[in-house]
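Peer 1: Residue-level listing of the chains:
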Amino acid sequence: AQTVTQSQPEMSVQEAETVTLSCTYDTSESDYYLFWYKQPPSRQMILVIRQEAYKQQNATENRFSVNFQKAAKSFSLKISDSQLGDAAMYFCAYNSNFGNEKLTFGTGTRLTIIP
Amino acid sequence: DAGVIQSPRHEVTEMGQEVTLRCKPISGHNSLFWYRQTMMRGLELLIYFNNNVPIDDSGMPEDRFSAKMPNASFSTLKIQPSEPRDSAVYFCASTQTGEDTQYFGPGTRLTVL
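Just so you know, the protein sequences line up as chains A and B, in that order.
Residue 161 in the working numbering sits at position 47 of the first sequence, with consecutive numbering throughout.
Residue 97 in the working numbering sits at position 96 of the second sequence, with consecutive numbering throughout.
Quick caveat, the hints were computed from the structure, so don't treat them as lab data.
Any given hint could turn out to be false.
Unchecked claim - For each label pair, taking beta carbons as the anchor points, the in silico distance ranges come out as:
no. : chain 1 : residue 1 : chain 2 : residue 2 : range
1   : B       : Ile56     : A       : Pro229    : 42 to 50 Å
2   : A       : Leu161    : B       : Thr98     : 13 to 21 Å
3   : B       : Asn52     : A       : Gln171    : 27 to 35 Å
Glycine is no exception: its CB is placed at the ideal position from the N, C-alpha and C atoms.
Whole structure, please, built from the sequences with the hints as guidance.
Peer 2: Given below as structure tokens:
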């Protein structure tokens, strides 16, 4: 069974600075998908960024980028120019077969933005 | 396009009562997932459907929980009888074959007193 580990329960960053959230996973599969979801206080789960394991190029979405290290089974999220609206819980998630299997989530990292 | 719709957004009930949570997936999506979020267990899958057929219900806690998907645009999750330990946020998510991303509804916060 796949597992996802987020070792940082809480992180904080000064507004406009850069922060990196860590995620590691365990799988025996070669093809899979990784995601970062954001959950603000409204509790809505919002997709931040996604990565296909067979692509070596790291995904980027505006201020959000990932560092995907397949051999190390690591998938970290970097947020540049942090904004107050980035404050939320961030969940790393794994899916083995497009979207048609269950997502396996990490325990989350609570990100606080310091004005 | 409308996203995944869930109702109610909040539900407060007393132990022993029946609770029904509802979900309308995004139009055209053929896979639907029910997740539960608690402080103790985090986010976990309860059940998912593909083309209205239950595929994996191994996450359903016990016989008190049941889920149906009578058609492509509607699903229910029922708890009968409800217990305080069922208090959680219940999410519905949907996707379509060939797409790798699941889209979540706003969730239902259930409180069982």
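Peer 1: Hint by hint, note whether the structure agrees.
Peer 2: Here is how each hint holds up against the structure:
1. B:Ile56 to A:Pro229: 42 to 50 Å: holds (46 Å)
2. A:Leu161 to B:Thr98: 13 to 21 Å: 18 Å Cβ-Cβ, so the 13 to 21 Å window holds.
3. B:Asn52 to A:Gln171: 27 to 35 Å: The hint (27 to 35 Å, Cβ to Cβ) holds, given that B:Asn52 and A:Gln171 are roughly 33 Å apart.
When held up to the earlier numbered hints, the structure conflicts with none and fits them all.
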